[in-house]
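Single-letter residue listing:
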Amino acid sequence: MSASLDVLLEHPALWRGAECARHAAALATGFAALDRCLPGGGWPQGALSELLVPVAGSGELSLLMPACARLTHAGRWVIFVAPPHIPYAPALASAGIDLARLLLVRAESRKDALWALEQALKSQHCGAAIGWLDRGDDASLRRLQLGCERGGSCGFLFMPQAAARNASPAALRLGLAPCDDGQLAVHVLKRRGGPLAGSIRIDPRSI
Amino acid sequence: MLWACLHFPLLALESIARGDPQPGPLAVVAGTTRPRIVALDEAALRAGLRPGMALAGALALVPELTVHVRSPAREARALREIAHWALQFSPLSSIEGDEALLLEVGAGLKLFGGLRVAAAAMQEGLAALGFTATLAAAPTPSAALLLARARCSHLLTDAAVLRSELSALPVAATGVSDETAQTLADLGIHTIGPLLDLPRDALVRRFGRPLRDILDRALGLAPDPRVPFELPEQFDSRIELPAPAREVEALLFALKRLLSALSGWLHGRGLGVMRLRLQLMHEDCAPSTLTLSLSAPSRDPAHLTGLLRERLERFRLPQRVEAITLATESNDRFTARERSLFPAMEPAEEAELWERLCARLGDEAVCALQPCADHRPEHAWRAHRRAPAHSAPQPPAPRPLWLLSQPRPLASFLQDAHSPVVLLDGPERIESGWWEGRDVRRDYFVARVQDGQTLWIFSEPSGGKWYVHGIFA
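Residue numbers (numbering that gives the first Met the number 0), protein chains in the order written: chain A, 0 to 206; chain B, 0 to 472.
Bound-form chain B, shown alone (with noise of 0.2 Å):
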């Protein structure tokens, strides 16, 4: 077994600012009655603040400092994301703490090709996301917490240096108290080696049983449990903007950190996205809600950040967005694509271009034409969602190229009553329809008017007026 741990030291940061492509000097403060800064940005270090300065010391030294309170809720939210999108490395992963999350990934690396590639992958997806954190890997996963909280990036295989490399970590990688930490530095304590070489009871009976226990999992002397992590039905996920914007590459920088996680949980689940909705929450009014439908399942975050931006262009927004869920409404099985040796028509990417043009157009805007078995001309044919599945016979007679929506009388397409209108072929008599109540008792002649146009007039045996019902282009 490997396990490997993501330490964010940044969490209470990033989960605010992750949405925010710019982000000005920004701080996380905590505590009610002297709010004291917690986390801090790279402007705001750069401009004097440090972390522990209290509030109102800051904003006396940075005016334009962006404040936010720290909230665990938040970061819990955040945690919980990454682990559905950390789910496409590892069928375990489990969240330790409020910090970290551990992944279970010696049954994969043959898949992603070894360690290294796999802590690369990782590290990369975790930028696209939005957060920094420290991976290390080691056969136990208590010792994989230890040295990614030491802020040590060690990709440990082999159990046999566990303890020797576990021994030059801090003794506040084990995540004791303060006091502890400082009653340990008093005894000339200051790193794991000699914690390890203290007798054990002693150990227990002064400093009590979680620090001999966390130590004996890390070196696996005590068995390690952990808990796996759940994944939800259906992928649910929320950022807020850091603040309130409408412009729509704003909004799709924000937008493009959800699909990440949205893809990551979908390649964890082997599902494609079918349905999506969007909702964007303002500060006054309703949440505005797009959906998006797919016509093949996909997990491509480019395409779907495409397609979204084509329907943002087009939504007129009554309000500035502060945040955005995106959540799936279907997800249908997602089967990889066979390539085939010599370059042939790829069936997927045909789905875009009808998804890309309805995306911007609206759904009913693209269809396909389906001939039906009917000798009613208005009804011989069908719009249709997909290409269509069968042939209708050919009909009788020669049939024109454009039908018109209505029958319009002849006398609208004639320059004066009196022009010439030649009989080129007919009678076909058409009559059928009787059992719907939509009967219809037509004679159809193809004409040819005086301007060179060639019409498929038709007139009712009953009465004598004369109607255009197709054009033969």
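Chain A with its partners taken away, still in its complex shape (with noise of 0.2 Å):
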């Protein structure tokens, strides 16, 4: 009795109050508390990611090193588009990175940040795109959505605070918080299934 009611709660048209999303391809994020609240256990693939930091400096790019030097390593490109400052280097070799497989695209405009970010998440190649904004407007993020779905690659945004009161059509939106112990403190304001009550505490420098 109980194993035919296990199969019925593996159907997946029904769906209980609490739970995530199952069966999405994911990319591991590298840090297992993470990983255990977002479906699939990891970034979600062929989506876009939003994160949303009060300030730079938090840690919030350190959340994507792990995802990203396994990207690279599996011979798939990461893109940085537009970065407010200079990707450094040998920091970014010793969290893993493949530089050979890293490329920076500078922007003069917005309008070319965005379109940059779509033409490098349409690329089958990519792997994963990061670009910086200070603003979402429906209509762009809903083009970098359908870019990720094409190229099946995973597009991470970083906004401002500000933008959390706007609805978004990104597929995971993670607020970040730095603590005073040098950890992060990340909400999970959306994601696929349910949201998440309350919110984990994450030491983004320490793998």
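Misleading hints may appear alongside valid ones.
[Unchecked claim] Taking CB as the label site, the calculated pair distances span:
id	chain 1	residue 1	chain 2	residue 2	range
1	B	285	A	149	39 to 47 Å
2	B	396	A	149	40 to 48 Å
3	B	384	A	74	19 to 27 Å
What the hints contain is simulated information worked out from the structure, not anything from laboratory work. Every residue, glycine too, gets a C-beta built ideally from N, C-alpha and C.
Take each chain as given, in its own frame, and dock them per the hints.
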């Protein structure tokens, strides 16, 4: 009797209140505590993820480093589009990234940055494209989401905390806040499935 | 040996009209005192005009007619361009007169999969270039020429049927003058067959050597050497737009013709292009030049069209464009990619993403990061045009993911002068670069400030001020 109940509970059309979506293609984040809260056990693949930070330098980019390192060693490209500062090559190499698969794209205007992000995400060879925007409008985010789906890549957007107020088509939204002891408090604002109550603490530089 | 002849009856018209996607009624005229129409396009034919009409009468019938003066130089240039393009099908091409091109296709038939397939491919390629041609093939070049001139698209491979096939062609196909043709018609000779039966000496005495020579050469009775067409070192071709235009789509339509020709030329020489120069001619000001650099040799017209489209969309034109010139500046040997059995990363397609980004954002916008073996943080990395070749040794202490382009005073990062700054790691003394005169002597620390940022700060042992050089993101 319980065996048939388990089979019933595995049915994809059945959703229980507290859980997140299963069977989603995902890229492992490298942080076990975060993996447990994300559908599929990692960053959603073929979809956009938004990371909302109050101020740069809290460890937000380090959160992506293990996944990016795995992508570069698997032969896929990681593309930084219009970063606010110079990505420092020795630090990236120490974080495990294969610099032969990293591209830096500088863009003069927001429109160019969005175009470059879309081109990178649509390309079959890009594993992840990371962009920094000061605001997100629905049309651009939707285009980026479609680009991710087409190319099968992960899109990561860093945006200020104020963007949390607006709805977004991204599959995953994380709010990040630095804690006093150097750890990062991660609030899962939106994920496929149900929202997560509470936050988790991660030490981004522990890996 | 098997020769194919391409005859272009509408060369005068198409050398002008091929740059225009929607030509209106167009006529080509010749003659200075009383210009007469030499060639017409379909729209003009439908409007009731006929070749040979006087220009004044034609303009009275169709006021919106666009008129161009016939230019033999332009037609010769067009024929040379087709000869370039045709070298992808044959190692030997030869221009014949002003309207025909001869290709020796016997050597490459197996590569193209047979004569019919090769002929179909040639017609398709010519359509992409914007020309219509009659294609005929025969064992001798003169026979192929006669067939093509007579609008017979026969593909003869057997020399035995040559005489019977040629006998049915009209006399005009031999290229004799109108008076000679009229004389022959008066004698009752309308096709080549009776000509072949006439006694040789009488034919030579009455109508001259050239007529007998071409018949001999066509039947293979006399040798028929052809001067092969020589390819220039760099591709350089020009197309005139029928009307000055500014829209990207109009420019790209004309450019597609040039790119087809370029692709054929590159195929013929076994090269791929690395740097292209595009010049747009304006009426009153100097021509605008665009240079496109590629990271890998390419000869795919679709890829080049995409890159040029991105460039043209960002380019501000001072005036409308009257003509476009495309030239190669640098080529490299093109090696065909081996396709692996299992789908894997194709390096040439990665280069395409790089080129597409560069085409729109500029060549300097895309780079890879190369670590350098230098202790000074600002010199420990470099932007590199290609993927980095070597790695540098690991730095001894943690390095921040963000480096500021110029060190900024710490005070600009703090909310007020008295907020606490916690030093987590350090000091790391970096002292280097004395041999260049740009020596640094700094003590680096990892610090956390009040709002949670972790910064890489330094102070110089001599002065007391603190600067931020990096952010641990």
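Okay, the hints, checked on the actual structure:
Checked against the hint of 39 to 47 Å, the pair residue 285 of chain B and residue 149 of chain A passes, with Cβ atoms roughly 42 Å apart. A beta carbon spacing of about 42 Å between residue 396 of chain B and residue 149 of chain A agrees with the range 40 to 48 Å that was offered as a hint. For the hinted restraint 19 to 27 Å between residue 384 of chain B and residue 74 of chain A, the CB-CB distance of approximately 21 Å keeps it satisfied.
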